[in-house]
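Spelled out, the chains give:
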Amino acid sequence: MGPFSVFSLLSSPAFGSYVLRRGRLDSMSTYEPQQADVQKLFLRHSSLLRGFIVGLLGDTSGADDLLQEVFVVASEKAADFQPGSDFPAWARAIARLKVLEFMRQRRGGPGRLSPEIVEALADSAPELDETYEARRTALKRCLGEIRGRARQLLDMRYQQGLNPERIAQRVSWKVAAVNVALSRARRFLRECTGRRLAIDGDS
Amino acid sequence: MVADEGRLLDLLDEYVDGRSSAAGLAELESLLGSSAAARRIYWEYLQQHAMIGQLQQERAGEKLAAETATAGSYWSLWGLAAAAALLLAAGALALVPGPGKPAAVSEAGGSVLVLANGTRVLQRPGSRVSLGASEDEDDVEQVVRLHRGEIEVHAAKSECGQSSVRVETDLGTVESLGTVFRVGLSAGEKTVRERASEGVGGKEIAQMRAGRVMPFAAALMLVSVMEGRVLVRSGLGATEVRAGETARVEKEEEEKAKAGPAVNGLQISFSRRVVIRKSVTFVEKGGKRVEVDDPDAREYRREELLAELKNVSDRTIAFKTFSKFVVPQGEVPRAPWVCATDAEGNRVPEHKRRFFRRNRGGDEKKAGKAVQFSVTVLKPGQSLSLRCYTHTLDFPKEGTYKLHMEWKLDADPDLEAAGIKLWSGKLTSNTVDWKYVAPKRRQRPARRMRDVNLKPGSAKKPPADADEAGDKKPEAF
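Residue numbers (this note's numbering), protein chains in the order written: chain A, 1 to 203; chain B, 1001 to 1477.
Same shape as in the complex, but just chain B:
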């Protein structure tokens, strides 16, 4: 039992709203530290706090979906949708993709696609989508391929663990589990500007305005989630985007991967991408949601280095999967590594760089355990993308460096004697420019005398992070 449950709830209210005073926090810590019942109430209260947020987001989405469903004539066909595999509303085509048939394509702007599972796809003017069979049909019910423009997806409720719809683009995919979201592709401002400077942009833009079909190279994918959440996958990996958030996947034209030379059927390419994630605030105006400027909106920008191993041959290739373990024993090959040269073309000595996380996998080595190696198999055309930990890039000084990847695998006579033929050779990738800016160290403000309260018994508690931040290493994963 907690002596004063009401007081505990007051303290918890202050805590979850971020308005705890030092005395209140100390009282709360004292209660939580001494009473199991207080900790139980804490958990109930905080779980409720988390749940309310989720339920509120769901409710907003349900309301929006209900409004959308009754808003226009598009949705009056909704009742008929169940009978049709796919239906395009007024002004658009009726598309019914079947087994073995080519993917249906729609360039009609402002039309609504109703997919077999009830998912509705609203095409914005100028957009181009196609519907095709999923390569991975177990994981997703419907696949929509967005070639250009923007679509708004009202995903149907899906079975547990299965995505009801996946939107595929050149820059990545978006999977949903019963949500409402938008996906847009654009050439990107930078691309347009650069093309213009090359003397071809003006012509292209004029042709676009004239309504002619132009080859389209997507440079930016924008995903806005209005309800629920989606999983955005790109060459960088997967990230979850929630209601009210927008994810951007950018591709810079000049950073397009140009692979290095193929060796024994394998090729390695190296590229750089920019990912921006930001929060977006909507307000309801006249029953519709409108995006508003929010001074508190946060935006995270991250540059990523991406490597891709690709089988460019017409045969299946197998190679030892690289691992951090047992490298000293020579049983598992070293992973591809990054090499750098500075502006003068001098190779940066490896010992002065720390590109990636430190190897923390020493337990097996110490214990002397035998570790089995792995084999990865790539069929013709398949590729394997690998993301580098760019936040650990470290150079002797700031500047622009040229990076490339190298990977070498020696033939294994023992395996070959056993009839197992694995790939061997040395791969070198293309180079990528990388601007290194030394991370800013957080400086502790100088203590001034007037900040120190010298009254007896009123010594200020030192900043909470003074001891904790120190040199302690985070838990290893």
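Same shape as in the complex, but just chain A:
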């Protein structure tokens, strides 16, 4: 009898996924990787994957739902992942297909990039894996430098997920003023991150 896996169950036409109860499901096989291992890897790289999805969508609101779908697919396809191979690349391939599927179905609404451009962007997505943590750390420090009203606007935009119109209502500003302030804050963060990365790189 050749190698086998309980994960082929996941590919059945009848069921999308399975869970185990009261302990691990035993199997006569030693087939790796386990689904749980893939899920752990997914959690470890979820920030990176989310960034990739946001990059293709240009929108954070739908990214979480898509990330969840990618998680489900990755779990279902766990048996296809070769242990020791490049997990982020494997998961990104799934995410890419999911995003393109999403774009084709046009669940993103108007004002989004065309699927052709998204596909071109996906092809040119840089390998950010190695620099991801450094960029994140630098950005975190730069965020710490923003204070006052700009900080409040960033909180509302990114923490509470408000759009500029709603932010303008809350702070009694004009929408254009909110847009300008957010734009300046982002430019500052971009330049600051670049500076810090350059300094860290030199040192």
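Any given hint could be a false lead.
Said to hold, decoys possible - Using 20 angstroms as the maximum straight-line C-alpha spacing, the simulated PhoX-like pairs for lysine-lysine come out as follows: (1) B:K1426 / B:K1408; (2) B:K1408 / A:K140; (3) B:K1435 / B:K1397; (4) A:K40 / B:K1408.
Please keep in mind that the hints were generated in silico from the structure rather than gathered at the bench.
Note that the structure is a prediction, hence the values are computed from the model and not measured.
Could you slot chain B onto chain A? The hints should help.
Here is chain B on its own, set in the frame of chain A:
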């Protein structure tokens, strides 16, 4: 190099805020389509956009945790916690679970449990928790069992890839990786109402008010995440819940799985559950986070069909794992399938239904490859839960149908001759009522003449989804 980087950044700002005009979007597409440098800037900018959101959420959580840690006398014991495996603060018990000892139980309301890894569990009044050893100790550092009520968990920072704490309930589990979240169990409004209508609810409620311990059957699990994210697992599978979101796992009393008859030690049960996921908005008031009504809050409700194969015998059972591949060759058994009868008791012909995703795994068959089959082994008491793709349920007409599952495996003489004894037989599950509502098709609005601009050179671009949505199939997974 991008000729006008400032202009590109302006366009990106508009894009990420969802305020791109048609002309701006076209300009952005033109830049991205023609310049590799523009695409590189796009990626940097969008990655930053995604990262800011995550960092802001983390920061909010850190702030909240810092405030909580210094808020009350509970947390003054925090410094002592490292020395103790577990500590309950004022008014509660000190519990130190050890190997071989029964799980510690606490019913003290308003107490704080500090676990060995630094995780803090704040018990709400009326809650009941126990601490026990994990069955799967490699995956999680601490396990908290919530029997009733609500707890707030401030999970310790965990090692990469390992959950620092797992909360287990009757309805599912919640795993965290350095987050703050709440888990609550309740009997559910519906259950209470139904019990009352049966004439026993009033007595039970009166006893609850009198403070007597009542048997508790959880019907609803509510998970609110304040910081970071958690993985909620239930019989339906796993779902990630992020800061600001709430996940509900509901169990309807009348839908409790009643298994079909056991055959050769295996039993199959069929049930229905409801999962609700919604976003929650918090505001800071007086240094504390308060949930507020948000008109933009979204709620997703999903009904799931769940099947469970269980080994009810006292011996280990192995069976061929069903697969979508090679069914025509007869090497791998067909997966359990759903049967339906209508209101008149007539069986719905199978060819008129499409319950699940279409089989797209034809490549192996075409290529004539030999495909190895799999074997699944269930030890006594173990079970295997399977979730159905309910969104593909399709019936000839709307109405309530009775669904049940059937699964048949024939004995394999070749394997038996080789000394391998696999399970065989025919299983039938209990029935579940399923209300089928035909999905609403999105209708394209009728074009009116006044919407058409007839000026030369000003023809409107057709809706972006007009060509794309069509009949194209999504990429298969």
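Do the hints match the structure? See the list:
1. Simply put, K1426 of chain B and K1408 of chain B have alpha-carbon atoms about 4 angstroms apart, close enough for the 20 angstroms limit, and the pair holds.
2. For the suggested pair K1408 of chain B and K140 of chain A, the alpha carbons sit about 57 angstroms apart, so the restraint of at most 20 angstroms is broken.
3. Between K1435 of chain B and K1397 of chain B, the direct Cα distance comes to roughly 11 angstroms. Compliance with the 20 angstroms bound is thereby established for this hinted pair.
4. Between K40 of chain A and K1408 of chain B, the direct Cα distance comes to roughly 35 angstroms. Violation of the 20 angstroms bound is thereby established for this hinted pair.
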